[in-house]
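J.: Each chain is listed here by its residues.
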Amino acid sequence: MESMHVIQSKTVVMPSTNIDTDQIIPARFLTMTTKGGLGEHLFADLRYDAQGNPNPGFILNQPQSKGCAVLVAGKNFGCGSSREHAPWALLDYGFRAVVSSEIADIFKNNSLKNGLLPIVVDAPTHGWLLANPGVQVTIDLASNSLIPAGKPAIKFPLEAFARYCLLNGVDELGYLRTKLPEIERYECARGW
Amino acid sequence: MTARTLFDKVWSAHEVVAETADTPAVLYIDLHLTHEVTSPQAFSMLKSLGLPVRRTDRTLATLDHSTPTRTEQVFGNVPIVLDAAAKQVRTMEQNSKEFGVELFGMRDPKRGIVHIIGPELGASQPGFTIVCGDSHTSTHGAFGALAFGIGTTEVGHVFATQCLLQRKPKGFSVNVHGNLRAGVTAKDLILAIIGKIGVSGGTGHVFEFRGEAISAMSMDERMTVCNMSIEAGARAGMIAPDQTTFRYLKGRPRAPKGAAWDAALERWKSLTTDPGATFAASVDIDAGALEPMITYGTNPGMVLPISGSIPQRAGDAAFDKALSYMGFHAGDSLLGKPVDVVFIGSCTNGRLEDLQAAARVLQGRKVAKGVRMLIVPGSQQVKRDAEAAGLAKIFVEAGAEWRESGCSMCLGMNGDLVEKGKYSVSTSNRNFEGRQGVGARTLLASPFTAAASAVSGRIADPREML
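Protein chains in written order, with this note's numbering: chain A, 1366 to 1557; chain B, 834 to 1299.
Rather than coming from a laboratory, the hints here were simulated on the basis of the structure.
It should be emphasised that the depicted structure is a prediction, and the values quoted were computed from it without experimental measurement.
A few of these clues could be false.
[To be verified] Computed beta-carbon distance windows for the label pairs:
id, chain 1, residue 1, chain 2, residue 2, range
1, A, Arg1555, B, Lys1090, 16 to 24 angstroms
2, A, Pro1546, B, Ser1051, 40 to 48 angstroms
3, A, Ala1554, B, Glu1045, 51 to 59 angstroms
4, B, Arg940, A, Glu1524, 52 to 60 angstroms
5, B, Ala1096, A, Pro1546, 23 to 31 angstroms
Here a beta-carbon is modelled for each residue, glycine too, at the ideal position from N, C-alpha and C.
Just need the whole structure built from these sequences, with the hints factored in.
T.: Written as structure tokens, this is what we have:
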């Protein structure tokens, strides 16, 4: 995986709470056997009408969203199905970070393993970001901070090892495989 | 030694390497279940790295999500309609063969929904760590296992190492007091719990369901409860194993036998929360006060007692959006609202006892005119059992469609869909927008309530038909 340090972008805001992974990528697009090309189907049922034309009322179809890499979403983003197709679709579309006051566990794990930053901020910061769509932000992974233009930096928590892997381009499986001797000893001790 | 919870005990028994501030634990996985939707990219990763599936003896594969449920498509020569689904099935067959993973293929009598067959075979056991690329893996927690859903990258990690990198979640005690009344089921209980703590109330936690009503439940019922832990955001849900668990497992094909059974039983009996052990969070529910529950919105936390009415939530845009999607209004009662489709099945309510409940309502009655009722057993074994017990005959005579096993209309990947704008009373686990089809309107309920609504053609209180 490539290392990641800084993301600079304007924000796109989807204020709905509980945006589940079925909304992010509906099940009918899960029949694929590769990872690529899911960006086209991201938020498909919100983004397109029944004829497959872009729905002009949906935020990603509006000109100000073009090129934005940071999605600010309502509380409990990514809940529901464990489908990793959700972060794959967000990344393929061009997002690099999702910001919310709460992000569902499995989605958070899946995102970190693919280089999509799941950023959890406190309620006042979240409220401010929701109320100020399109604000320019800098996300600096080295200092765990999100910096809205002209504002003080806001620290966010990130699991230490996932952060290390992202900063250094370390593959988690590579690390896990260095533990194979311990794994074998464990199996042996348990007679497993 | 300090008092420990059931979860603490299972977790620590699987720590190959303990967690530190800088690194997560290396957690050993006893059973890895896999299916066609979330595994292809993980197999591809193994291929690109030239790695094998390290412990094929701890890996089981099935076909459930994309598979057709029409008999002529499973056993006849009628092809799978969706090309991509057919390709996914073929890919799973090829990968299983190439990597030596045991697969319950399309026509295998052991095939079924991954969370139904693990328990049914006796493969899901107390004290195990069990994972699957599927959020409803929490189902297996009913056996006192630590069972949770993972993504495809992690599926690859388990294939390659039989381990996962994990931070330990916090404990959460769900205390269920009293006993459920007649006509009120495990499904109603878990919906009420989700309604009480909210769809993210369990985030970062592992539930332990405890109390009188839980102890009184059968394994089928306990699985329904644990299954929907994820709908409250929890990583997993667990129930301490007891005589009910042991009776269920004894004699199952993959349960321990002979001396190994006796040894296992000794280990399993220690899998309880010690007196004085503490949880990071807890909630109390009075089971005796519950009615049948039904959802009215677009997440499982938007739920009410069947005799209740939709609450008012002034100024809540997400709430208004959900009601608008459902075509409901604050203050509405759901009883008597028309129903188009009824689905009985899924890893939540696709076991034999669920079908027995549906049959109890449907016996001697007919599905109302204009209602489509689909009954999909959770596994081929459940299908055979239901046929042997005469349930299938009751369903067909009532006018329901009786199918082969699979996830089916729970998520509509296989073409079993609810049409736009139609109302579906479903025994599945998610009422998300578009879950059962684009624009489909899902109301989650128990098999009793679903069957009663099918007969009435309207949302009905099942207690009047029992």
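J.: Now look at each hint and say whether the structure bears it out.
T.: Results of checking the hints against the structure:
1. The hinted window of 16 to 24 angstroms between Arg1555 of chain A and Lys1090 of chain B holds, with their beta carbons roughly 19 angstroms apart.
2. The hint said 40 to 48 angstroms for the Cβ distance between Pro1546 of chain A and Ser1051 of chain B, and at roughly 44 angstroms that hint holds.
3. Checked against the hint of 51 to 59 angstroms, the C-beta distance between Ala1554 of chain A and Glu1045 of chain B comes to roughly 39 angstroms, which is inconsistent with it.
4. Distance hint check: the CB atoms of Arg940 of chain B and Glu1524 of chain A are about 44 angstroms apart, inconsistent with the given range 52 to 60 angstroms.
5. In this structure, Ala1096 of chain B and Pro1546 of chain A meet the distance hint of 23 to 31 angstroms, their C-beta atoms being roughly 28 angstroms apart.
Hint compliance for this structure: hints 3 and 4 are not met, and every other hint is.
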